[in-house]
Every structure is written in structure tokens, then in C-alpha cells.
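Chains as they are written, first to last, in my numbering: chain A, 1 to 179; chain B, 180 to 765.
Just so you know, these hints were derived from the structure itself, not from any lab.
A virtual CB, placed ideally from N, CA and C, is assigned to each residue, including glycine.
Do not take every clue at face value.
[As the list claims (entries may be wrong)] Derived list of chain A stretches under chain B, where covered just means 3 residues or more per stretch with a C-beta under 8 Å from a C-beta of chain B:
#1 6-14
#2 23-30
#3 133-144
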Amino acid sequence: MDLPTGRLGVWWVIASEIVIFGGLLASYVMNRIGHVGFGDQAAHTNVWAGGFNTFVLLTSSLSAVLAHAAAERGDGARAAKLLRYTTLGGAVFLVVKGFEWTHEIQAGFTITSSLFWSFYYTAAGLHAAHVIAGMVIMLIVAASAARNQHLQRVENIGIYWHFVDLVWIFLFPLLYIAK
Amino acid sequence: MSHEHAAAHEPSGLLKYVWSTDHKMIAFQYLFTGMAMALIGGFTVYVFRMQLAFPGEAVPLFGRVSASSYNALVTSHGSIMIFWVAMPVLIAAFGNYLIPLMVGCDDMAFPKVNRLSFQIFFLSAVLLTASFFVPGGAFGGAWTAYPPLSTSGVYNQTPIGATMWLVAVALEFVAFLLGGINFITTTMNSRAPGMRMFDIPIVVWMIVIASVLFMASVGPLVAGAVMLLFDQVIGTGFYDPARGGDPVLWQHLFWFFGHPEVYVVLLPAMGIVAEVMAVHARKRLFAYRTIVYTAVATSIISFFVWAHHQFVAGIDPRMASLFSVTTLIISIPVAEMVFVYIATLYGGAISLTTPMLWALAFLVEFLWGGVTGIFLGAAGSDIYFHDTYFVTAHFHYTFFPIAFIAGFAGITHWFPKMFGRMMDERLGKIHFWGTIISFNLIFLPLFITGAAGDHRRIFDYSGFPDLNLPYLQNLRIMATYALLAMIAFQVVFFYNFARSLRGGAVAGANPWKATTLEWLAASPPPHGNFPVMPTVYRGPYEYGVPDRADDFWPQYEPAGPAGQEPRLGAAGHGPAPSGAMAAPER
Ligand code: HEM
Ligand SMILES: [Cu+2]
């Protein structure tokens, strides 16, 4: 096989994550189809905050791509810098999410309010946990890339970040837009 | 890459056993943890079978069994045997031990991930064992953890134990997901030069396919487990109808994993049996490629049968018919594999060594499981048999061959490689016959009591006049006595194991005259496995080769002088046309 060992490992992780999120989202969709009025609650979610976060995540994926390109050229310092921008994007995403959740909870929508809100917090929370994990790993990768070491890891963490991004692309319409 | 990981990096002294990243040491850690958990699982079954035979009497070493401790014992038994015995022994222990040796490399692709995987697994085993000792005791809601029994301490009466069970199972899943990374990348990327896809020994194929199957099926259940955990500790209502949730959702998520899981453990077991049969019958594995394709097909079909566990859960009858059909269809590839194995034996020079006896017994006993599965796969008869001891007998005729019979076949076959000594054949045969006879005496009676209406998970039949008939009670007592006999015969195994470690005859590198790469390494293999990395020249099962002094032709042995001997095709295909050279083509 031609795939490098590290990248194979990343694909394995992503494949296992896809089925996890797949199971959660399939359960959510089945519930929505099965229960009249289930989706009405989605009207309370803040589409603007969600939309802004989608934009932030997509942009952060762009700098991950640029970081990969820099790593390919052997420019570890630039790759590290771009990865830190990506991490910053993740941080902005989390801050917005924090404001959003605070607002929802103050309005009385908590994880136990109804099945919709249970799914909302569980799915978005699981996703946010992945964002945090990705940021931590990214900073570690950036630190070694800055010293021009393990440059192939730049691509691997990028693949993972695109996956986190992609999950959000599914979550956003399902949780925010479809009313 | 694994090469940066040389012998010098290996920790020394006692630490070697805890922090080793060597695949063989990790395999042993899995093997011995699995064997220890089997003792716990065995102890629970001893207690509750004693209760069924002699209800209300104090069980020696345990005391009186209450209704809720009975539930906890049964639940722990099922969970332990599947998640902490079958999986770690068949997949993790054999996978870790065999894959690098059989594909001819020095270690797994990610040795540190490998160690982490065991450590998480070990933590999960500790957590599960500890749950026996918390207030309320171990979880009692059955290994399937159906809500509402599993969601609320009000129902399961084991509030702490239930959460510990769930977290332990989740950690176990993470451990095996991490393990799979290594199995698949090592097999894809670290094969010895010359080893093509169809030169890979069948057991490696089976473990890799099982790992992919596990990865693909377990995800939805991980999500389901998070939801269940939130129901338990935060008070969400994912599975609570009063709050808009649906308990049957859990059943779908559970069995979408649960049925493929049967094949996750079955495939490695069939792989082990195939290796043992080829070696001890001196025959090329019949239809080797077909076995690989069949294993893949079985894995795919296994995703379309899960609702046969829900025939009585109020599903649409049209859906029930559909799942009956798919369930019956999956018996075709499984039966095909059994026939292929019989064809391998046909005309072979069978030597009835202990490993071979276990391999043969696997086929015979597993057949019983498969045949009785047909009764349960047909929705009409399952509605009667559901949750009776008939079901219990059925899946034990499948799981016992998988987890124990194939396990013993593997341990006795590879013991000389693992420890450099032979096991005692006479003790091995005593253990074999004792185990097989008592196994049948335990479970054959349960088909009868089940067909008579014995419902599972009743801890004392004396409260049910219709089931408290003397002939049924006698059958229950018979099953319990047979269990005591089986436990006694396991002492023979442990004695043989311990004694052979030091006192067995010295094995040498290749005592069974086998062809695959692991037999090239010294017994036991040192850290790094091979003195010189091997090259592969042919398929893995060249036994009974004509025109050779030996009746076998190892994968690692170059052709004779001037390439006189033709390169044989991949196993399952005849010799390549003469003139083909020994140099491997890709
Ligand atoms: C050969 C084809 C097989 C068929 C047609 C089959 C069919 C079934 C069906 C329909 C049930 C549901 C019974 C009920 O609860 O009413 C069942 C239960 C079960 N089967 Fe199988 N099965 C097969 C093979 C296996 C194998 C190979 C294993 C294990 C290695 C296995 C393990 C189980 C277990 C553990 C249960 C019990 C589920 C529970 O706790 O309720 N089966 N089987
Ligand atoms: Cu099933």
C-alpha cells in the first residue's frame, strides 16, 4: 500500500468517529421523523450564531490546508504559524458556542428540557469536545513543526480538522436550520 | 515506523511487563487478563447455576442468592464472557501475538498506541470487577442493558453498578478501536517483502476483517451509550417514553452492534481453527481465497439481521419477515465456511494432537449452534422460543466453541512458540474430553427445559408450579453437576499450562513443521522477532508438497538451486505453470 502508516491511522480514527456521529444523527433524525412537533423547538436556536461559527470553522480549515502546503515545501515555521491560526479559529468557535449556550440556558432551555434540547446539547457538545481535542493536538504538532520535525503530522492533523469541520456541516442544518 | 523501535529501547526488569510496547508482551497481558476474567465469569456462572439447581440454599463460597444478586451475576457473566474474555483473547491476544510474526515484521505499526489500548482495556476490567463491591452491587439489567431497566436506579436497583458497567463497556470499546488501528495498518504496511495479499495467513485476514467489522458496527452503540449515560446521570429522556424518548431505539443501536459482534469474535475463531487444521492435517487450506471473500460477505450481511432480536418487541410483521429472511441467508456463508474446512480435512494426514482435537470439536459443536439458530431466525418459532433456555442453549453452542474451544485450539497450538516448550499431550487430552463432554451435558438439557417453557432470568422456579416439575428440575440439576465437572477439568488445563512453562519438552523453532513465518523465529521470539527480516516466496499453506524431502515448504524458504522447484500459486490454486520463477511478483 502507498498510504503512509500515520495517515492510515488517522483515517481509521476518522472512520470510527463517522460511525459514532452517524449513530447519534440517525437517532436524532428518526426521532424527528417519528414525533410531530419535535422540530418546533429548533426555532429557538440562533441561526446567526450557528452560521457565523460555520464560517469560522471553514476558514480555519483553509489555514490548515495552507499549513499542509507549507509543510510540503518544508517550511515548518510557516506551517506552525498557520496551524496556530487554525487553533485560534477553534477558540473563536468555542467562545461563540459558550455565549450561545449561556443564552439558551438563561432562556430556560437545558439539556433536560425536551428531547430536542437533549440531542442539541449532546451532539453539539460531542462535537465541541472534538474541537478541543483537535486544538490540543494541533498545538503539539505546531510546536514540533516549528522545529521542522515530524512535518508529515501537519497533514494528518489537517485531515482530522477537516473531519471535525464536516461534522459541523451536518450538525448545523440539522440542529439550526431545519425547522 | 516500527523500525525506530529497537531492542535497546525496551524497559528492563519488572517494568518490562508493565511498560513494554512489544506486541508479544502486550499479547500476554491481554491473554492473562482474559484468562483471569474467565475465572470471574466462571465463578458467577457457578453461583447462579447452583441457585437454579438448589434454589434457596446457600451456595458454598458465596451464600444465599437473592433475586437482584442473581440478576447481577447473570449480567456480569454475559458481559464478562463476551467483552472481557472472548474479545481480548481471540482478537487482542492472538491478533497482537500473531500479526507481526505472521506478516514478518518486528512490531506493530504503532507500538505506543498498542500499549495504551491494553492499559485502557485493563482499566475497564478493573472498573467492572470493582462494581461488584459498590453499594447496590454490580449491574443487573442483562448484558443487553435494555432501558428502562438500565436507565434508572429505581428499576435496576444497582444505580452505581449500572453506571460503572456502562463506563467500563465504553472504555473497552475505545481500547478495541485503538487496537484495530494497529491490526489493519500493520497488515497493510509492514508485510515482509514478497508477501502479497493472498499470501497472508488466514487468521490474520480474519482478525483484520473482524477489526474493521467491529469498528463499523460499534459506533452507533457508542453514541447510544453516551445517551444512556446522560439518561442515568443527568436525567435526559432519550429512552424514556414519558419524556418523548423511545426504549426501542436502544435495542436498535445495541443489536446493530450486537449481531455483527457475534461475527467479530467468530471470524478470528474460524481463522485460528483453519491454521490448526492445515498444519495438523498436512493439507493446503481448501478454497483459501473463497474463505476470505466469504468472511467479508458474512460481515456485510451481518449488518442486516439485527432486528431478529426484536421479533417480540412489537415490530411490524413485514419487517419481521424481512429480518427472518436475512437471518436465514447469513447461515449460507457460515455453513459454506464449515464445508470448506471439512474439505480441507478430507484426505488429509490428520494427526489427533490436542490442538487438532479442539479444532475438530469446534466444527462439531458450532454446527449445533448454527442449526438451532434457524429456529430462532424464523420469526414464527422465535416468538415461542424467545427468552427461553432454548435461546441460551443456542448461543452457548455458538459462543462456547468460539470463545473457549477455538481459544484452547490456539493456545495449545502456539504454546510452543510463545513459551518455547511443549504442553503435555496426555493432560491436554484429559482436559479436552472432560471439557467437551461436560459442555454437552450442560447445554443439551437446556434445549429441553427451554422448549418446555423455562424462561430466562427466573432465579427460582419453585414459585412457578408449571415449571417446577420434577423432570425439569432434574435436568437443571444435571446441567449444574456437569458445570461443576467442567470447572474441575479446567484445573487440569491450568496445571498443564503452569507445569509445561518450565517442565515441558523443549520445543525448537518449528515443532509442528508449519509453513508460516512465525515458525521461523526462535521459540519464544526475542524482542524484534527475527534475526534477519524474512522474505516470502509462496502462499502460506504448502503442505503435502510432492517431490520434496519435507512434506511442507515454508513461506520463507527460497526455491532450491537454480530455481528447479516451481513457484506455487497462492494457496488454493495449483502450482503455477512451470517456468514461473521463485521471485515474488506483485
Ligand atoms: C448461525 C446463525 C445464527 C442465527 C440464525 C442466530 C439467530 C438468533 C436469534 C434469532 C436470536 C434471538 C433469540 C431471541 O432472543 O428470541 C439469537 C440470540 C442470540 N444469539 Fe444467535 N444466531 C446465530 C448465530 C449466533 C452466533 C454465532 C452467536 C455467538 C457467537 C450467537 C449469539 C447469540 C446471543 C448471545 C443471543 C442472545 C441474545 C439475548 O441476550 O437475548 N448467535 N440468535
Ligand atoms: Cu443477532
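Are there at least three residues in the stretch 6-14 of chain A whose beta carbon sits under 8 Å from a beta carbon of chain B?
-> Since 4 is at least three, the answer is holds.
In terms of beta carbon proximity below 8 Å, does the stretch 133-144 of chain A have 3 or more residues touching chain B?
-> violated (count 0)
Establish whether the coverage given for the stretch 23-30 of chain A by chain B is satisfied; the threshold is a Cβ-Cβ distance below 8 Å, and no fewer than three residues must meet it.
-> holds (count 5)
Checked against the numbered hints given earlier, the structure breaks only hint 3 and satisfies all the rest.
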